[in-house]
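Numbering-wise, this note's numbering puts 328 at position 146 of the sequence shown, and it's gapless, one number per residue.
Calculated directly from the structure, the hints in this document are not laboratory data.
What you are looking at is a predicted structure, and each value in this text was computed from that prediction instead of being measured.
For glycine and all other residues, C-beta sits at the position ideal for the given N, C-alpha and C.
Accuracy of the hints is not assured; some may be wrong.
[As the list claims (entries may be wrong)] Below 27 Å or equal to it, Euclidean Cα-Cα: the simulated DSS-like pairs (lysine-lysine) are:
{"id": "1", "residue 1": "K252", "residue 2": "K591"}
{"id": "2", "residue 1": "K233", "residue 2": "K549"}
{"id": "3", "residue 1": "K764", "residue 2": "K777"}
{"id": "4", "residue 1": "K326", "residue 2": "K342"}
{"id": "5", "residue 1": "K385", "residue 2": "K342"}
{"id": "6", "residue 1": "K265", "residue 2": "K252"}
{"id": "7", "residue 1": "K486", "residue 2": "K251"}
{"id": "8", "residue 1": "K298", "residue 2": "K475"}
{"id": "9", "residue 1": "K502", "residue 2": "K395"}
{"id": "10", "residue 1": "K585", "residue 2": "K486"}
{"id": "11", "residue 1": "K502", "residue 2": "K591"}
{"id": "12", "residue 1": "K265", "residue 2": "K322"}
{"id": "13", "residue 1": "K476", "residue 2": "K490"}
{"id": "14", "residue 1": "K265", "residue 2": "K342"}
{"id": "15", "residue 1": "K534", "residue 2": "K762"}
{"id": "16", "residue 1": "K585", "residue 2": "K251"}
{"id": "17", "residue 1": "K395", "residue 2": "K418"}
{"id": "18", "residue 1": "K504", "residue 2": "K596"}
{"id": "19", "residue 1": "K549", "residue 2": "K251"}
{"id": "20", "residue 1": "K534", "residue 2": "K476"}
{"id": "21", "residue 1": "K778", "residue 2": "K812"}
{"id": "22", "residue 1": "K251", "residue 2": "K596"}
{"id": "23", "residue 1": "K337", "residue 2": "K233"}
{"id": "24", "residue 1": "K812", "residue 2": "K796"}
{"id": "25", "residue 1": "K322", "residue 2": "K337"}
{"id": "26", "residue 1": "K795", "residue 2": "K805"}
{"id": "27", "residue 1": "K233", "residue 2": "K585"}
[Claimed, not checked] Taking CB as the label site, the calculated pair distances span:
{"id": "28", "residue 1": "R451", "residue 2": "H303", "range": "24 to 34 Å"}
{"id": "29", "residue 1": "L775", "residue 2": "F222", "range": "49 to 59 Å"}
{"id": "30", "residue 1": "S503", "residue 2": "D371", "range": "39 to 49 Å"}
{"id": "31", "residue 1": "L808", "residue 2": "C1004", "range": "24 to 34 Å"}
{"id": "32", "residue 1": "F222", "residue 2": "S382", "range": "32 to 42 Å"}
{"id": "33", "residue 1": "H295", "residue 2": "Q604", "range": "16 to 26 Å"}
{"id": "34", "residue 1": "K342", "residue 2": "S382", "range": "44 to 54 Å"}
{"id": "35", "residue 1": "Y726", "residue 2": "L775", "range": "44 to 54 Å"}
{"id": "36", "residue 1": "S503", "residue 2": "H295", "range": "32 to 42 Å"}
{"id": "37", "residue 1": "K298", "residue 2": "I344", "range": "18 to 28 Å"}
{"id": "38", "residue 1": "N505", "residue 2": "L627", "range": "39 to 49 Å"}
{"id": "39", "residue 1": "K486", "residue 2": "Y726", "range": "50 to 60 Å"}
{"id": "40", "residue 1": "L430", "residue 2": "L354", "range": "41 to 51 Å"}
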Amino acid sequence: MQIAQKNPQNDKSIKSQISETFSDTQKEQEQNIINDCYEFLASSADCKLIKQLDLESFFADFATFLARKKPMYLNGDLAVYKKMIDELDLAFCDSIHLPQIPRVDLLEPALMHLNKNGNLHLSQIYNISKILGYFCTLQKHIQKNSQIPAKSTLKEWIEKIIFPPNLLESLLIFTQNGEIKDGIFPQIDSIKSSISNVASSIKSEFSALLNSKHLESYLVDKQVHFIYECQTLLLKAGFSKALNGNILERTQSGYFYVLPSAIARLYERQNSLRDSLEVEIANIAKNLSILLKKHILFLRFIDKEFDKFDLLQARLNFAKSKNLEFILPYVASQKKAKQAKDISSFYSDSLKIILHDFCHPILANPKPTNIVFDKGALILTGVNAGGKTMLLKSILSAVFLAKLLMPMKINPHKSRIPHFRQIAAIISDPQNTKNDISTFAGRMLEFSQNLGRENMLLGIDEIELGTDADEASSLYQILLDEILKRGNKIVLTTHHKRLASLMAGDSRVQMSAALFDVNLGKPLFDFLHGSIGKSYAFESAERYGIPTLLVERARKHYGEDKERLNELIEQSSKLEIELKSKQEQAQKELENLQKKSAQYDELIIALQEKFAKKEMVMERAYKEALDTLKQKANTMSEAHRNINTAHKILESFYAQDDESDENAKNARHTKARATNATNPKSSYKKGDTIKYNGKRGKILEIHSKHFLVELDSGMRLKVDFAKANEKSHSNLLPTHKLQKDSSKSVATKGYTLELAHSGASPSLDLHGFRVEEAIEAMEDFISQSLVAGFDEVAICHGLGGGVLARVTREFLSTHPKVVSFCDAPPKLGGIGTQIVRL
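Using the sequences plus the hints, can you model the full thing?
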């Protein structure tokens, strides 16, 4: 017998073929999944453009953020939607989240069913309930959020949604699982409770059967088996002696799946209850459908608003997850376009494309794209596999995403993207055996479809494909000129030096060359703008494995003249690169100088502001000091003026009083004696101040035969009228009468105020004074000290019970002219005396 031996090489090849086949199948499946994920988002034309620009996976990822399948287009003003996205982004940060949007089905079939007077299923009503409940929660979150201004676009939009009365209360009856909440419909609660009881009975019945001794010998195992949605027992033959039941199925080993009769009856009861529950739910659905028919217009409105907000929130969440930015495309003025003499030059200037740090979504580790496309056509030339096609796709992708207000990886502050009415791409090879069309014929067909369009961005990759290069150059020059005349913009890649040289003289065309590092032998994936690039076909052939000998033979065959032309192009490119590096270095130095100049200007402004603040403070202090001095000067002059007036009044009073002083005095003494002789108490009244044995006292009470007098020391005495008459009038003198002395003073109740400056004393003794008298004395003393010009005085209040000390300190702490006060040194009275600074 011969045994077949395995060939390892064949085995490896078979494995590799299987793996390749499997990988190809897997790729096809992944592509089909991606296509299913995003094809509902866009129209067929946009789906074709998405495939051409390699954006399938990008839009497939975006579709996962939507609550339900829908087209991605936002109908209306993109500027309004951009404001709403910005307000959502500002208000709902990482700490404050938007309410999670629910996953719902399309409402259009249900609304059509309602429009035809049909009744909805409870699940369809639940979808409507989820949308209404979400908008109710969203309104509360937006209205309570303080980060959103009161007159913001978002709040104005959400406040326009007004729910019909009783609609929310009628529909918010579901749990998160779509079941009816307990406690709303008693009949349903009762049926559910009965179903639960039956289920418990089934469970307890099975437990009793499994533990039954009569059935123990017939049990194959102690498990419950589900057969035909019924719980059964696996029993041996002869089980009918111990159990009544129905055989549902038999195993290959001869055992039987048996449904016990008691369990069958419970199942019948449970099914009957479930039927009753379905009837009740159908009645509820019928009643709710009648209610929803009345508000079908509102439901259509809220369905559209849900899709609108879903698209906005999905864009925002998608941008946050991928760290992307939004950019609003600007629209060129159509009035100015009609007034322009040359529409092609107008659109070339107004439809300027500026991309800064843009990265195509398909690239894992991209090099950011920076380009200023400010003319009608951009022709990309240069090395093979140098990034020309990717730059073309990047420009078209940025414009396409901005038109849809989709987020992208870009610097929005330094970028500028216009809005184009149409975006087209001629990228793939249209050759197809099924369609019976060649490469060039397919290209011409696509060109013919785009010749009559206006306000279009057209991308053409490898324009020279499919025909003779010289003929194609002349043909494409005319076609491109015709497209540019209609105000369109074109991005194309080519290796046609003739086409590039023909178009280079056109002022509407800008050139850009992909760069190649000769030393490293690979492209730099960077572009030199304003230059025609070399293809580096021979170098690329060597890089991809073509033998060097064959490449050298090809170079000789190519010709010295053409090679010299390539060398001139290469040398020109090197010179332009050096010039560009010097310009960048000069630009950096200029930016550094500008930064230093800006810092210097900021420093000058800061110093000026600081100086101005200090100047204002000094001016304010100067003004306050000047006002204070003026007030003090006014006070001093007014005090002197009052003193002079008092002197004049006193002098006139003394002159008039000198003539009749003696006669009046004698008359008063005579009258007092007569009055005291007849009625001693008639000359005095309660509250008068008198002197008794050289001490002052105050009359508290007047009795029939005596006075009750309180002396300044606090002692109270009874002074007899008869004794007062015996002591003569000198012992009982009221001090409230006017007196005059050699110093010309003004007499007051209880004490005398000296007016002459020379007579003012720097100290005040309050011993024996009452509280009111002490306060009045201190007021007059401080006023007299201020007039006299004293800076520091002493007030002696003594120790005693501490009443005068407390009153003195309180008075001094509130007086506006007192600067400070403290206890005197021990030799000047210690704590019984206060040194006061005025």
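Any hints from earlier that this structure breaks? Give me their numbers in increasing order, please.
Violated: hints 5, 9, 19, 20, 21, 22, 23, 32, 33.
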